[in-house]
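Protein chains in written order, with the working numbering: chain A, 1 to 116; chain B, 1 to 114.
Hints in this document: simulated from the structure, not taken from any laboratory.
Everything numeric in this text was worked out from a predicted model, so none of it was measured.
Keep in mind that the hints are not guaranteed to be accurate.
To be verified - Residues from chain B that face chain A, not an exhaustive set, calculated with beta carbons under 8 Å:
1) Gly43
2) Leu44
3) Leu46
4) Phe51
5) Phe90
6) Ile101
7) Phe104
8) Arg106
9) Gly107
Claimed, not checked - Part of the chain B face toward chain A, derived, beta carbon under 10 Å:
10) Tyr32
11) Phe34
12) Gln38
13) Gln45
Glycine included, every Cβ here is placed at the ideal spot set by N, Cα and C.
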Amino acid sequence: DARVTQTPRDKVTEMGQEVTMRCQPILGHNTVFWYRQTMMQGLELLAYFRNRAPLDDSGMPKDRFSAEMPDATLATLKIQPSEPRDSAVYFCASGLVRRLGILGYTFGSGTRLTVV
Amino acid sequence: AQSVTQPDIHITVSEGASLELRCNYSYGATPYLFWYVQSPGQGLQLLLKYFSGDTLVQGIKGFEAEFKRSQSSFNLRKPSVHWSDAAEYFCAVGASGGSYIPTFGRGTSLIVHP
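Construct the complete structure from the given sequences, taking the supplied hints into account.
Listed below in structure tokens is the structure:
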């Protein structure tokens, strides 16, 4: 089965450090999401790309977070500087959106970020 | 804006018993609806989806869900639960207007007793 690959699987970093999370979407998928999962907030949408163009990043703290898709095989989520409240599991998901609808989204296994 | 409510935070069932997990959505037009399952330390796996057509949707692992527009519900069911079904279950609604961005509920944790 095709899968969404996220790296690293786990990341522990000190407050103030830069963190970069990577996602390889499924080949041929034109839509990529970044979600953050915490016990308090559940699954929150951070960013959304269609054909590599950012369409919605309203859920992302702009002062420290940035999301990009430098090419169709790579999406990145960067936090600079990181803070303890950023500790969460970050998921990437990809899907194929067509004019008549979508087939569903496939999630990666997530990056568990701990900021100490 | 769309939203999803999963009224039950935890559900406990005995192995072999039937299961129903509730999901209510809020969306002005015909929604896209999903159920995902998440095992500990894992990502979300799609169980089933509803876009249009037959309101009773069959999914993987023996799950099914029924879309009821009049009740704004999309409840997940399974006739006989297995211990391996213990996990977190998320209902999601996607806008049908072109963005298809899914909004997730807070999840229901399923506990299965032997």
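Does leucine 44(B) hold up as a contact with chain A if the rule is Cβ-Cβ below 8 Å?
holds (4 Å)
At a threshold of 10 Å, is the proposed contact between glutamine 38(B) and chain A supported by beta-carbon distances?
holds (9 Å)
For the hint on glutamine 45(B), does the least C-beta distance to chain A fall short of 10 Å?
holds (7 Å)
Hint validation: isoleucine 101(B) versus chain A, beta carbon distance must be below 8 Å. Holds or violated?
With a closest approach of 6 Å, the isoleucine 101(B) hint holds.
Proposed interface contact between glycine 43(B) and chain A, which counts if any beta carbon pair is under 8 Å
holds (4 Å)
Hint status (Cβ of phenylalanine 90(B) to nearest Cβ of chain A, threshold 8 Å):
holds (7 Å)
Would the stated hint for glycine 107(B) survive a check requiring a Cβ distance to chain A of less than 8 Å?
Hint holds; glycine 107(B) Cβ to chain A Cβ min 7 Å, cut 8 Å.
Hint validity - phenylalanine 34(B) Cβ closer than 10 Å to any chain A Cβ
Since the shortest Cβ distance to chain A is 7 Å, the answer is holds.
Verify the interface restraint on tyrosine 32(B): the C-beta must sit less than 10 Å from at least one C-beta of chain A.
The hint holds - tyrosine 32(B) has a Cβ within 10 Å of chain A, the shortest such distance being about 7 Å.
Per-residue hint verdict: phenylalanine 51(B), partner chain A, C-beta under 8 Å:
Since the shortest Cβ distance to chain A is 5 Å, the answer is holds.
Is the hint on leucine 46(B) kept, meaning its closest Cβ partner in chain A is under 8 Å away?
holds (5 Å)
Double-check arginine 106(B) for me: the hint is only fine if its C-beta lies closer than 8 Å to a C-beta in chain A.
This interface hint holds because 5 Å falls under the 8 Å limit.
Hint violations for this structure: none, all hints satisfied.
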